Structures are given as structure tokens and as C-alpha cells.
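**Student:** Read off the chains here:
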Amino acid sequence: MTDAIQIGLALGLPLLGAVGIGLARRNPNLRETVTLATAFALALAVWSLVPAVQAGLRPELVIAELLPGVQLAFRVEPLGMLFAGLASLLWIFNSIYSIGYMRGNHEAHQTRFYACFAIALSATMGIAFAGNLLTLFLCYEALTLSTYLLVAHKGDPNAVKAARVYLGILLCTSIGFFLPALIWTWQLTGTLDFVPGGLYGEDIPSLTLGLLFVLFVFGTGKAALMPVHRWLPAAMVAPTPVSALLHAVAVVKSGVFVIIKLVVYVFGADNLPAIGTELVIYVAAFTTIAASIVALQQTNLKRLLAYSTVGQLAFIVLAVCALAPLAAPGAALHLVSHAFGKITLFFAAGAIYTASKKTELSQLAGIGYRMPLTMAAFSIGALSMIGMPPTAGFISKWYVLSGALQADNLVVPVTIMASGLLNAAYFLPILYSAWIRRPDEQDQHGEAPWPILIAITATALMTLAFFVYNRPAHGLEVQLFGS
Amino acid sequence: MTLDEAIYNQLPALQVIVPLIAVPLVAMMRARHLAWLACTLTSLLSFGIAVVITTELLAGATWQYAMGAWPAPMGIELRIDSFSALLLLIVTGASTLMLLAARVPIAAQIQSIRQPLFYAVWLLTLGGLIGILVSGDAFNIFVFMEISSLATYVLVAAGRDRRALAAVFTYIVMGTIGATFYLVGVGLIYMMTGTLNLADMGVRLEQVADSRPVMAAAAFITVGLALKAALFPLHIWLPNAYTRAPHIVTAFLAACSTKVAIYVLLRFDFLIFQESIPNHALHFAGLLLPLALAAMIVGSWVAMFEDNLKRLLAYSSIAQVGYILLGAGLISTTGLSAAVLHMFNHALIKGVLFLAVACLGVRLVQLRLSELGGVARHMPWTMSAFAAAGLSLIGVPGTAGFVSKWQLIVAALEVGPWGLVPIIAIVTSSLMAVVYIWRIVETTWFAHASTAVASVREAPSWMLVLVWLGVAANVYFGLQPQLPLTLATGAAELLLESCCD
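Chains as they are written, first to last, in our numbering: chain A, 716 to 1198; chain F, 3 to 503.
Quick caveat, the hints were computed from the structure, so don't treat them as lab data. Do not rely on the hints blindly, as some may be mistaken.
To be verified - What the simulated footprint calls covered on chain F by chain A, stretch by stretch (three residues with Cβ under 8 Å from a Cβ of chain A suffice, anywhere in the stretch; the number is not a length):
#1 167–173
#2 391–397
#3 429–435
As the list claims (entries may be wrong) - Not the full set, but computed from the structure, chain A residues with beta-carbon under 7 Å of chain F:
#4 853
#5 902
#6 905
#7 989
#8 993
#9 1113
#10 1116
Predicted model only: the values in this text are computed from it and were never measured. From the three backbone atoms N, C-alpha and C, an ideal C-beta is built for every residue, glycine too.
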């Protein structure tokens, strides 16, 4: 019973927070206090569920019956626990960061910003804890819609156009592919619950399953597999805190999370349909490489990070589909390690913008002298993206690679090597330019405001710490995949 | 017999008589506020009766009422089953909601001296629509159809906008053709069977099954009612009538008028012609499915490029009629229940959308999208409600629209490989809805504000409360669809009872 309350709190607290933020709109300090208090309370509610899940329990909360036999229900399992824990933890730092960023840049509509942010977090918790496919879909759409206003935040024609691309691609894929696949599944099986080992019976032809798999994977536009990745670079017009938490962690990870859920609980890791999976694997491998090559050509820092995210997401999808169940724990860990690294990188990009209004790579010469702390954090994030020790990225790639070698699979190791090299090729020049080249004498800016520095230091340290201490996360994943 | 029981037994008759009795009373009132109050209370009472009838129906009661205690087929019979009960809820509910919101927009659009008459005619429309739903015989349906249609013409033309007259003229011509076709069909059946009672008709037609006059009757009735229902390509009266009518009238009509025509259409085609014409199901589907699919695509397509906000929503309604008849054309329990459910959900959605438009109309004269740039920044509550109802129209999960699309796609999947065609049409039309709804949202929130818009205030708070009540209903029935779903499934089973296969 108490577990149900905790789930309810995890979903409801951010919504309450959004109301509170709206009420406190006249007093910015109070408003930001509400945001921080909500973030802490949410993290507390979510993390207090961890012991139960580690003990093998699956707390449940049923709210309503949507259709005969399909409920609006939430059920916490290890993967969702990991995702929710990650997002709620990072929201705390992101909120601290937001305060520095939004005030430092004198952004308008800050109340709307914080309120939408809180609603998006509630939707993310809903995705993480969803007990069946329909609930998952409901929260998935809620997340799309609540982040629309954040992407369109600036309200100028450029932002509106980008937001249109954002919404267009995400809604078209989910309504066009995901929903038909969802209803087809219901018609075939009569259930939408997540069942370990898959819910399709033996009698469904493999061609149908393959088609369903492809529909589901491309219907999950948030996973940003090519060719449905365009919304992610477009979303970079949003204020950087949005790019950092939502478009490096919550939204994109929801996409990958949905695909992992599909593989584990809908199709079953052992009986993925050969035809569809093969297609997805090649598309994912192509996306990993192609996105890295596109990233090489970017001149804008945030767009570069966006394409880097596209590549990393595709890499997780690839590992899950190609290597389940062997390397799936590694892939799920990569979801965490990439989150720590990428949020640090975005925080740094936002810090640079706040302190100096610089957005282009060419302007970054010698910026390490002006902003040593920020660039140190950026370097740690970049190393984690490349996969070098002592950072989080190394750990997850290690698990994925070891799984790949056990499975005698060549596609994955080759893709890992190639993408690692490409990552190095676009991150190392930035580091070189920031640390080695001389700064322009004319600009005299220093570090960003202190809330930004607190957040950025914290996530950078977490990226390092995950290298040493990742047992609980790995433990949860092993419990999930049972290997 | 206690008073309670006496009233209880008379409920079917009261349902139709209460608004009709109130008509002359309201018409005689001189004070417009009093007329509004009387009209609204009458409508509310009708809604209350509909709720009681539905509750009893769900508890297992059957409603058959012989007028003046003359037994059917000689006397006039009133009959309410789950299909008519659901429609009664829609009609009385929509009328009540719109009347509650009507004071301010009506004051803006109709001369004060005409307002009592306007409210009287409104009740006449309501009584006519209710009459169609409770009647158990074909001729009474015709009479009530004429009452409601004639009253509707007056409602549409009641405003100050003279362009409404041209729209009403088309509406009258088309509506009369539709009603005449229906009457010709009923006449042919009467010739063959000598009865007008629907239940009796179904039985007696079996003796003269497969005869040419019956075929002709089916053709006349189906086409006549399709015209009244604005099925593509017989929809041309609808966009102008909706655009030119006073805003609150549009909201009322959009929620219920075409649905009542579809109700009669389905009753005739499934309960009466199904057994008397061989392969009727096939003919029915063969005629309606292509038209329904075309309506879904064409209606949404036009809506994507339409500038006038009300006309845009009117074309969207034409597409939604396509959804409803698509479900019916699949001739299965799931398909029909999806169709009936969508009648309910679409009434909820379009009612709220047009009510939000009425809120805009209180503050603005021009409702062209190109002149509404940035209006949402001045009327955030109105336009947020519009966006929320728009999401329901698109079919975002958690809203009523999602449930009906879900049922429709399930029904299409049951057909087998051919079901792919309707599914693609449903998905395409929904995506087009994303485009036209989002065009409105984007323009009203982000576009540069024109001078006309710069000084507007938010709509009256009482109207906002009602709009948001409608939005809440959309969410409620999206999360708890049991009530309409049960009634719709009951209706579908009833309609398919006599179906051969």
C-alpha cells in the first residue's frame, strides 16, 4: 500500500510543483524554491522505492480502467527504477543550473518554463513506471506535448519552426506507427501488459512480428533512429537546461527506454523476430556512424552535441537488439553513463553561452583559460563520450563489448570502435582548441554564475564516480535480464 | 400508484413533451433574461430526464410507451433503447451546456427584442431532435425531423449577419430534398406493408422481401438521410451554415444535428432493410465505405488550408462524419460500437471546440485565422481549452477522441488484410488533424499580434468555466469510457440483432 503511495507521489509531486510554480509566479525566489523543493521531494519519493525493487518486489498502482482489460496502471520494475532514479536525481542539479542559466540570460516566461519542466518530469516518471503499453503510450505523448512549449520557448519564428518539426515528427511517428502497432498487438493477444519473456504467443507468424517490431521501433521517434532523428537537432533552439535534461536525458532516454522495454517485455529478449530485428540493427549501426560523421561537420556546439546524442542513442538500440540478452545490461548501463556525460557537456555549453554568448566551435579558442572549471567538466564529459577511463562511458562500453565478444557478434564491436574513434575526432579538437590555443585578448569574461558551476561540478563528479561505483545500477540490470 | 411512479412511467413522453410545451411559454415572454432562464431550465430538465432514463436502462429497464394507451402498431409508440439513450444524452447535454454559456454571445449576436423568440425556437429544435430519438414509428420521425429542421433554419439565420440568409437558403433546399427523399421512401414502404411502426415494419417487410419498391425505398431513405448527415459529397450545405450561424448555435448544431440523422440512417439500414433486401449489408458497405473514406481525407484536407476558423472546424466535422460511417460500414459489433461511440465523443470534442470559438467570438468580430495572430496571449484560458479539445480531436491518449479511434482501428483490424485501407485513412486523417489544429495553436500563440487583437480581454469567466468543464469531460471519458462504451456496445448489438450473419 505504501508503495502505491510512493508511485502516486512520484507522478503527482511534479504536477503539484507545477501548480505551486504557477501560484508563486509573482515571486521568483519563492518560485525557484518550489522547483527545488519539488525536485528534492521527487528524488526522495523515487529513491525510496529502490530497496523494494532490489528485494525483488514490483510495487503497483492502478488508477483507472481505460478499456476492458487495459488499465491505467503503474508497476515499478528494475529498468524503470533505474530510469526514474536517474531522471529525478539529475532534475535536482538541472534545477539549480536552470536558476543560474535563466536568470543569467534574462529569459522571458520563466514561470511557464519551470511549470512545463515539472510537468515533463511527471510524464517521464509515468513512462518509467508504466505498467502496460497503453499507459506508456499515454505518458509518452504527454511528454511530447509538455516539452513542445519548452522548445518553442523563445517564441521567435525560428523557435516556432523548430518546435513544429519537433512536434510534427514525434506525433506523426507515434500516431502513425506506434499506435497502429499497439492496437494490432491488442487485437492479436488481448493484452498490453508487460510480461517478462514477451506477450506474443507461438502461433503468430514471424513476418507479422517483424512488421510489428519495425513499426514499434520507428514509432518511437524519441529514440531518434535515422530517418526520424531530425527533431533532436531542431530541439536545440530551446534554452540549454531543456537540452540538457530533456534532450540528453529524459526525452531521448524515454525513447531508448521504450525500445528496451519492448525487447524485454513485449517481444522477449530470446525471441526477437529475425527479419525486423535485422533491419533495425543495420539502421541503428548506420545511424551510429552517420550521426558521428554529421557531428564532425557541425560548427555549432549544441548541434554537435545533438548529433552526438543521436549516435549514442542508436548505439544503445543496436546493443539491445543485436545482443539481447547478453549485453543488454551493458546497454541499459550506457543509458545511465551517457546521461551523466551528456548532461555535463550541455551544462558546459550553456555555461559558455551564459558567460560569453559564444555558441560556435570557432569561438572556443583558449576558453579553458577563462573558464577552467567549466572546461574541465566538459573534458570529463567528452572523455566519457569517447569511452575512456576513468569515466562512466568506459564502464558501459566495457559491458557491451564483453557481451558482444561472448555472442560472436562482429557488427557491434566494429561499430563501437568506429564510433569511439569518430567521437574522439570531433571532441578532441574542441579540447585542443580550448586548452592549448591562446585566448582572444579582447574578451574578458570569467566563469558562469555560481548555480551553474555547482550543477556542472556535480554532474562531472558523477561521471567520474560512476566509473568506480556502479554496482547498484548494474545489480538492477542483472536482476532484470537474469544473467 | 404513487406520484413518483406515475411520473416515472411517463418519462419517455415527458422527454419530448417538456421542451415542446415550454416553446409557446418562452415565446410569450418579453424579458430576454427570463426567456433565457426558462429555456435553460427546460433544457436542464430534459437532460435530467435523459440521465434518469439512461440510468434505468443500464439497470435493465426497457422503455416502451404507448401514447394515449393505444397499443402499437395502431397507436403511436415511443421506444428508448441504448442507442437512443446515448443520443438523448448528447442532444440534451449539448443543448444545456450551450444554453448555460449562451447569454453573453447571444446578447452580442442577436437583437434583444428577438431573443425570446430565439430561445423558443431553440427549444423547438431541441424538442424535434428528441422526438426523432424517442419515436418508434417512421412518420413521427419525419414530423419531428421537419420540426427540428425548420427550427434549425431559423436558428442559423437568427443573427445579424445577413450572409447567413444565403447559407440558410442552401441549407433549406438541401434539407428539404433530404426530407422529401426520406418521405418518399417511407411512403413506398407504407405502400408495401401498410404500417409505419418501425418494429412492425421490420416484421412485415419480410413477406415482401426482395421487391423493387422496397429496394427503391432503401435507396431513397439512405440517400436522403446521408444528405441530412452531410456525408461527403452531400455535405455542401454544412460549411456555410456552420460558418454563418450565431456562434453558440454552431456549437449546438455541431454537437448533435448530423448525429441524429446518422442515428435514423443506421436504424433503417440495420433494423429494417437488413432482412428484407438480400445482400443489403454488402450494398450498404459498398456505398458508404468509399464515401466515408473520401470524407475523412477530403474534409481534413480542406480543413488544413481553410482560413476561417468556423469553416475549418466545419470541414473537420465532415471528416468526422466519415469516421462514424466508416465504423458503421464495417458491419461488425466492434465497428458499429466504434461508430456510436464516436458520435458521443465527437459531440464532446466539437461542442467544446465551437464553444471556445464562441468565447473568441465574444471579443472579436473576425474569426479568420490570418487575423487571430497572437490572440492566445490575450485569451490564454480560451485557447488552452481549444488546444486541449484539439488534442482530443487528434486522438491523443487520455482523451475521448483516443478511445473512439482505438475502437475504430480494432474494428478495421478484425476485417483482415483489407482493414489496412481504413487504418491508413484513419491515421492519415488524424495526422492531418494534427496539422490543422496545430496551425491554429501556433498562429494564436506565436504569430505577431494585429491591432484588432492587441486590445482584447479574456472571455467572461463563466463561459471559461463551461468550456473547461467540457475539456474535463473529454479527459474523463478518455480515462473512464465505460458509460458511452457500454451504451455504444448495446446499440451495436441491437443493430446487428437482425443481421443475417
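**Student:** Does the structure break any of the earlier hints, and which numbers would those be?
**Tutor:** Of the numbered hints, 1, 6, 7, 8, 9 and 10 do not hold.
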